[in-house]
Amino acid sequence: MKTFVFRNQTVEPFLGSDGMTYSGYDDISHVPEDVDRYIWFYQVPVNADSIQLSEEVASFIDKLDLVLNRVDVTKPFIIFSLENLFQLRLTGNETAVAESVTAFNRHAMQLSIERNNVKWVDFGEFTSRYDASTLMNWKYYLMSQMMLNPKLADDFQRWFQRLDEEMALKRKKCLVLDLDNTLWGGVLGEDGIDGIKLGGDYPGKAYSYWQQSLLQLSRNGVILTVCSKNNEADVVEAWEKNPHMVLKREHFSALRINWRDKATNLRELADELNIGLDSMVFLDDNPTERELVKQMLPEVTVPDFPDKPYQLMVFFKQLVERYFRIYRVTEEDRAKTQQYHANAMRKAEMGRFADMESYLYSLDLQLEIIPADEHNLPRIAQMTQKTNQFNLTTQRYSEADVKQRLDNGWHIYGMSVSDRFGDNGITGTIFLEPVDETTVNIDTLLLSCRILGKGIEDAFVKTVLNVLRLDGYRHVTAAYLPTAKNGQTADFYDRMGMACSATEADGTKRYDLALDHVYEIQNYYNIKVL
Amino acid sequence: MNLEEKVLEIMREVFDLEDITIDVSQKNCAKWDSLHHLTLSSELEDAFDLDLEPEEIAEMTDFSRVIAMLKSKL
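Protein chains in written order, with our numbering: chain E, 1 to 530; chain F, 1001 to 1074.
Treat the hints loosely; a few may be bogus.
[What the hints assert, rightly or not] List time: in silico EDC-like cross-link candidates among lysine to aspartate or glutamate, alpha-carbon distance up to 20 angstroms: (1) E/K485 with F/D1062; (2) E/K139 with F/D1049; (3) E/K151 with F/D1051; (4) E/K151 with F/D1016; (5) E/K151 with F/E1043; (6) E/K386 with F/D1062; (7) E/K139 with F/D1051.
Think of the hints as simulated: they come from the structure by calculation, not from any bench.
Between the sequences and the hints, there should be enough to build the whole structure, so can you do that?
Written out as structure tokens, the structure is:
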């Protein structure tokens, strides 16, 4: 199965490489079609400015919608809930970020109700197992943008695999319940109506909670039935006369209270209710009965039943999560959720955008093109050392190398990018080597992958080309030198409209360009050339 | 098992490659990218029960440097 992952952080160690491909960081520009499913796995970024951060988190809602509107509605789309892994509150009543996180999660949950292909994953189920210092390791975060501690990768994979299997399972429709030591403690035939353990102190109290929980399950559409070896008249009497009985006759859609084998009873129940055996879950405290049903009716799901009454609530939670998680909602629920939804959208305080262009507009992108100088030279050299993916020629330079080229008359620029969510600093560079009076060669062109996906690379190069033309240059030569990691840039110059003049055996492509016109640049980039 | 063998074994697992030898480096091994480098560092920290500083992690660019770093920390 091929999966595409939208993410704003490094998640590869957790979701793995098997069949997975990943978006750029916070890059929604590319929505591939040749995959079987999608995963949305964003987390709350790190930013001490909580107002700015809350706006950024709220903007994930629009990004998610934008992506969802572009994917095939028949393909599964899994959304991880947002969890704030590093909560920073400068004041006690600071709630802006938490509100945005809640708004996003409500929105995602709502989508999972409205759209059949959308599944919402409660990431908190995983994170709540760990304390904050285990969850996030700042060393690894700062080195690699990995929010989640890489040491949790194995745990995460196990957790997600189980969840993945559960999501693929068909929801069950019907719960078949034994009575003695299953719905109440003790044996009705021996202990009598008032002798069975139900209500009052432990263990009766445990069975009361258990029955109340099952009642809620039935109110949400799960069919409850009884399959018990008992005298039916005794049971009916207990339902009528035991004051602690929560589940009574009217809560069960069908009964098989007799002394026949349970496999036969289950088959009859399935027929009577007109449901498949594979949509039934059978609960019985007696392992012999469970084994019989497993052997005779392998389609029926038969979970182990807890030994101790105090384990019943955890068992109930597992039942719900594995078999009965309810996606069907009432009209009232729907109205309530819609109200939440509207509030969330107002809170987002974002200009709505329906397409990529208005999204880019909303970002308020600022590009500054800065000549290399002694302040930014270390950063520029460092980028040539580290950048692998969006790097056309992968020339590695030391600070001294860069300095020497500047002294030799090269034009070297850094590009700094900021948007309404913050400043990314210098995240791109271009090295231009004058060949003669009117010709310049692009020796190096690279951008950090965290700013990709917003068309910034195009705007950057076009601006530089316009500047070169104003400076009197008329020809540009450039090259793409393939490496194991820079495949995504193989066609970059072609996309820029440059003609490929030669392709060499090793995949190297050479380009020639006449600077004979001004390149138009979309006006959602505010560009300053310093 | 000596240190070198143990490190080779960890590298084979992290990079998911059988033919890892003591000549391996970030330059000659395509799988040894920045992400696998972090995973490798984290596995080494666990296996040898030590903490590597970011600067130390950055220095471990080939097999012999990894071994030298571990020896200096053990």
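Against the structure, the hints come out as follows:
Under the criterion of a C-alpha separation no larger than 20 angstroms, the hint pairing E/K485 with F/D1062 is consistent with the structure, at around 18 angstroms. Distance check on the hinted pair: E/K139 and F/D1049 sit about 16 angstroms apart at the alpha-carbon level, within 20 angstroms; holds. With a C-alpha separation of about 13 angstroms, the suggested pairing of E/K151 with F/D1051 holds against the 20 angstroms cut-off. Using a Cα cut-off of 20 angstroms, the hinted pair E/K151 and F/D1016 holds, with the two alpha carbons roughly 18 angstroms apart.
For the given pair, E/K151 sits about 8 angstroms from F/E1043 by alpha-carbon distance, which is consistent with the 20 angstroms threshold. At roughly 16 angstroms between alpha-carbon atoms, E/K386 and F/D1062 fall within 20 angstroms of each other, so this suggested pair holds. Between E/K139 and F/D1051, the direct Cα distance comes to roughly 10 angstroms. Compliance with the 20 angstroms bound is thereby established for this hinted pair.
Comparing the model with each earlier hint shows no violations; every hint is respected.
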